[in-house]
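Number of protein chains: 2
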Amino acid sequence: MRTYETIAQLRQALNPARRAGHRIGFVPTMGALHEGHWSLVSQARRSCDEVVVSIFVNPLQFGPGEDMGSYPQTLERDLDGCARHGCDRVFTPSPRQMYPDHTLTRVAVRRLGEPLCGQARKGHFEGVATVVCKLFNVVGPDAAFFGEKDFQQLVIIRRMAHDLNMPVEIVGCPTVREPDGLAVSSRNVHLDADQRSRATSIAAALGEAAEFASHGQREVPQLIAHVRERIAQAGPVQIEYVEVVDPETLEALEVIDQPARMCVAAKYGSVRLIDNMPLDVAGEA
Amino acid sequence: MRTYETIAQLRQALNPARRAGHRIGFVPTMGALHEGHWSLVSQARRSCDEVVVSIFVNPLQFGPGEDMGSYPQTLERDLDGCARHGCDRVFTPSPRQMYPDHTLTRVAVRRLGEPLCGQARKGHFEGVATVVCKLFNVVGPDAAFFGEKDFQQLVIIRRMAHDLNMPVEIVGCPTVREPDGLAVSSRNVHLDADQRSRATSIAAALGEAAEFASHGQREVPQLIAHVRERIAQAGPVQIEYVEVVDPETLEALEVIDQPARMCVAAKYGSVRLIDNMPLDVAGEA
Numbered sequence: 008m009r010t011y012e013t014i015a016q017l018r019q020a021l022n023p024a025r026r027a028g029h030r031i032g033f034v035p036t037m038g039a040l041h042e043g044h045w046s047l048v049s050q051a052r053r054s055c056d057e058v059v060v061s062i063f064v065n066p067l068q069f070g071p072g073e074d075m076g077s078y079p080q081t082l083e084r085d086l087d088g089c090a091r092h093g094c095d096r097v098f099t100p101s102p103r104q105m106y107p108d109h110t111l112t113r114v115a116v117r118r119l120g121e122p123l124c125g126q127a128r129k130g131h132f133e134g135v136a137t138v139v140c141k142l143f144n145v146v147g148p149d150a151a152f153f154g155e156k157d158f159q160q161l162v163i164i165r166r167m168a169h170d171l172n173m174p175v176e177i178v179g180c181p182t183v184r185e186p187d188g189l190a191v192s193s194r195n196v197h198l199d200a201d202q203r204s205r206a207t208s209i210a211a212a213l214g215e216a217a218e219f220a221s222h223g224q225r226e227v228p229q230l231i232a233h234v235r236e237r238i239a240q241a242g243p244v245q246i247e248y249v250e251v252v253d254p255e256t257l258e259a260l261e262v263i264d265q266p267a268r269m270c271v272a273a274k275y276g277s278v279r280l281i282d283n284m285p286l287d288v289a290g291e292a
Numbered sequence: 008m009r010t011y012e013t014i015a016q017l018r019q020a021l022n023p024a025r026r027a028g029h030r031i032g033f034v035p036t037m038g039a040l041h042e043g044h045w046s047l048v049s050q051a052r053r054s055c056d057e058v059v060v061s062i063f064v065n066p067l068q069f070g071p072g073e074d075m076g077s078y079p080q081t082l083e084r085d086l087d088g089c090a091r092h093g094c095d096r097v098f099t100p101s102p103r104q105m106y107p108d109h110t111l112t113r114v115a116v117r118r119l120g121e122p123l124c125g126q127a128r129k130g131h132f133e134g135v136a137t138v139v140c141k142l143f144n145v146v147g148p149d150a151a152f153f154g155e156k157d158f159q160q161l162v163i164i165r166r167m168a169h170d171l172n173m174p175v176e177i178v179g180c181p182t183v184r185e186p187d188g189l190a191v192s193s194r195n196v197h198l199d200a201d202q203r204s205r206a207t208s209i210a211a212a213l214g215e216a217a218e219f220a221s222h223g224q225r226e227v228p229q230l231i232a233h234v235r236e237r238i239a240q241a242g243p244v245q246i247e248y249v250e251v252v253d254p255e256t257l258e259a260l261e262v263i264d265q266p267a268r269m270c271v272a273a274k275y276g277s278v279r280l281i282d283n284m285p286l287d288v289a290g291e292a
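Which chain is which? The protein sequence lines are Z and H, in order. 8 is the number of the first residue of the first sequence in the working numbering; add one for each residue after it. 8 is the number of the first residue of the second sequence in the working numbering; add one for each residue after it.
Quick caveat, the hints were computed from the structure, so don't treat them as lab data. Any given hint might turn out to be false.
Pulled a few chain Z residues facing chain H out of the computed Cβ check, cut under 10 Å [unchecked claim]:
1. G72
2. T112
3. R117
4. M167
Beta carbons: idealized from backbone N, C-alpha and C, even for Gly.
Pulled out of the complex, with its shape left as it was, chain Z reads as follows (with noise of 0.2 Å):
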């Protein structure tokens, strides 16, 4: 495994593999990795030749008063596992290197960036966007992994793909879940033991609507209320929201009569959690 700080030292190393012909697979990452980053690398290993992992916490998404100081920083770790997971290069750029001078471009998807995340974190999913965007321009992949717990920056991701003719498959990996349910996130490690026993109710709460569902419950506020009950019983929490909503539109869902995605914030203390599930349509007799 190689590493790179420089984007002209990643696009030398990569354009051998890429006149071969060779399908290079691309895991962009903001450090601090664990069993959710690496069944992206483990995905994109199956599929792909050459999997590159970027590692870059990008100023662009954090707003003001938000977490980036906080955020992470365990390099050595993450590319230890990187080796251990079978990535072929990674790419550590400084935030000199992804932004040598004061950036005027931002890419923006209107209207998915809004609701949900949206709501609390304005202009995060425009950095998000942007960020992505210059990664594929340095990195050039043919497939790119992202976690389905991340569900509206994978939604955005895909959308801003298809929409400016990206030549790069977006691909979307299931969500991986701790024993008790918990989804695997960066910021599990900021709860404490009683936040921690108390966040997996999210999971829960998202399984039993999804099981309702499926017995066929489509009215939306009845399985809303009880995903932010199920939450609140479990003890102290702030709900940011809970809401239905189309899979690729993102808008509010009343009645359960086509794909729809449950979708959750919640903070317990100053740590923020997002978790989500498919509901499907109960089946018609």
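Put chain H on the given structure of chain Z with help from the hints.
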């Protein structure tokens, strides 16, 4: 020379050239091709192994009430010219091919799209940046060629490519002029004989301002006053703007003590013309 109507066909055709390491030159156009375009093609021809021209009138860059409907459409003559000027491939997508569904993604270069033509044409440069980004992703050029006549467009595209790490060199090419100095433009055909004659005052005035500057006139207000007067003296005209700007930031200058560009937009009847020239700082003794 081959023509392609779909993205998939063009990509497939370009793959072998790319794998062979050929340098691909790209000239994006809206058709109605003229000597200005042929100079871009010829520049591409000199420095690239393959020359690709696109002909696509981009709806995204026309505002309400603008002249998209009357934009000259001369496809047969354009293709004929492309063949004579040594193009290898011409991409002629339909609007539906470029925008198969309601596109949500926009590429915006902040600040640079606001002054000059941005004042009268809100959203225009966002439409330009977005379609050029799409075309770059379709063609995957090593170099792309743009005329200095559309100076603000050139500056914005250069900045977009830089900010988004696009792997393409942006080449600006000198404005091609008629023997009497008028900048060649697809819109010139809409001028009647009187307007055509009066319109030569734009290039004449810019040339005189450049001459004054080279002889030591550093005061921008004086230079602007001269250009406005010179153009108005030629007869009826609506001058939209005359400005002297920094050629990278497009910020207005008051004194010429650095590289500077003088830019003009003027309307003769309904025909809107633009032109620009560099103002060189007078040599210091």
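Status of the hints after comparison with the structure:
no. : hint : in the structure
1   : G72  : 22 Å, violated
2   : T112 : 4 Å, holds
3   : R117 : 5 Å, holds
4   : M167 : 5 Å, holds
The structure fails to meet hint 1 from the earlier list, while all remaining hints are met.
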